[in-house]
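When you get a sec, could you build the whole thing from the sequences and use the hints?
This note's numbering puts the first residue of the sequence shown at 29, with every later residue one more than the last.
I should point out that these hints are in silico values taken from the structure, not numbers from a laboratory. Built from N, CA and C at the ideal position, the CB exists for glycine as well. Treat each hint with caution, since some may be false.
[What the hints assert, rightly or not] If you anchor each label on the Cβ, the simulated ranges turn out as follows:
hint	residue 1	residue 2	range
1	Gly238	Thr185	27 to 33 Å
2	Ala212	Leu186	15 to 21 Å
3	Leu147	Thr258	42 to 48 Å
4	Ala276	Glu119	43 to 49 Å
5	Arg146	Asp98	17 to 23 Å
6	Glu90	Gly262	48 to 54 Å
7	Glu282	Thr185	29 to 35 Å
8	Thr213	Asp125	23 to 29 Å
9	Leu186	Asp236	26 to 32 Å
10	Leu186	Gly283	19 to 25 Å
11	Asp250	Ala87	53 to 59 Å
12	Thr256	Gly191	54 to 60 Å
13	Arg157	Leu234	31 to 37 Å
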Amino acid sequence: MTSLGPSPVLALALTTVLVLASCTAGDAPEPGRTTAADTPVPIATSTPSPTPTTPPTRAEQERLDERLLDAAARGDARETATALARGARIEARDGRDRTPLLLAAAADHLDVARLLVRLGADPNAVDDRSDTPWLVTGVTGSVPMGRLLLAAGADLTLRNRFGGLSPIPASERGHLEYVRWVVATDVDLDHVNDLGWTALLEAVVLGDGGRRHRDLVQALLDAGADPTITDQQGRTALQLARQRGHAAMAAVLEGADR
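This is how it looks when you write it as structure tokens:
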């Protein structure tokens, strides 16, 4: 199991937020005070006196937000922290309405996601394709990211643009470890998406019929997924597996059908 405790990079980034937030943007550090560049964990040697600042202009705010979004997408936790400390908005949106947390989750940048979550980023922010940070874990198959977002309050009932929940794309892609983990959450394994497929049906219809998808089907069945649910043409997962010549997968489903 991957630890969710703070990594050295995350600890540095969090400290950077605290140190930089106490200084005016662009100000040089006072003599006798250390900075993020001087030591692995920057700690002020004296309490700085906050200097009044004027709110950023619209152009300045946009540049700060773009800096944050770019850092999150690249997985640069320190630059993410710096942008936030300078005034970037934690719920900034890019041209596709993606937040920094969604960008980090989509690229599986765990350190950045941890930082953003600790600073209050919304795990349920929806982009223009109806994706959320949680939903994209079904695409990436990242269990550590899923754990982080679940603990942060991810809404497991939000649906993607196909009307599906995270186990459905995970089952299509053969993310076995993710499926074995997510079945233990409160997510609905028998949810039917807009195409008429459950996670079990999608594993059969869009999977390759190989060992990984066979084991994934077994994991879904062991967790209580209903093998009798049919697609829009009235076909069960077993019937679809037989039609596609997935003999090993069909054997697993036959066992559940008895």
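Do the hints match the structure? See the list:
no. : hint                          : result
1   : Gly238 <-> Thr185: 27 to 33 Å : 31 Å, holds
2   : Ala212 <-> Leu186: 15 to 21 Å : 19 Å, holds
3   : Leu147 <-> Thr258: 42 to 48 Å : 46 Å, holds
4   : Ala276 <-> Glu119: 43 to 49 Å : 46 Å, holds
5   : Arg146 <-> Asp98: 17 to 23 Å  : 20 Å, holds
6   : Glu90 <-> Gly262: 48 to 54 Å  : 53 Å, holds
7   : Glu282 <-> Thr185: 29 to 35 Å : 32 Å, holds
8   : Thr213 <-> Asp125: 23 to 29 Å : 26 Å, holds
9   : Leu186 <-> Asp236: 26 to 32 Å : 28 Å, holds
10  : Leu186 <-> Gly283: 19 to 25 Å : 33 Å, violated
11  : Asp250 <-> Ala87: 53 to 59 Å  : 56 Å, holds
12  : Thr256 <-> Gly191: 54 to 60 Å : 21 Å, violated
13  : Arg157 <-> Leu234: 31 to 37 Å : 19 Å, violated
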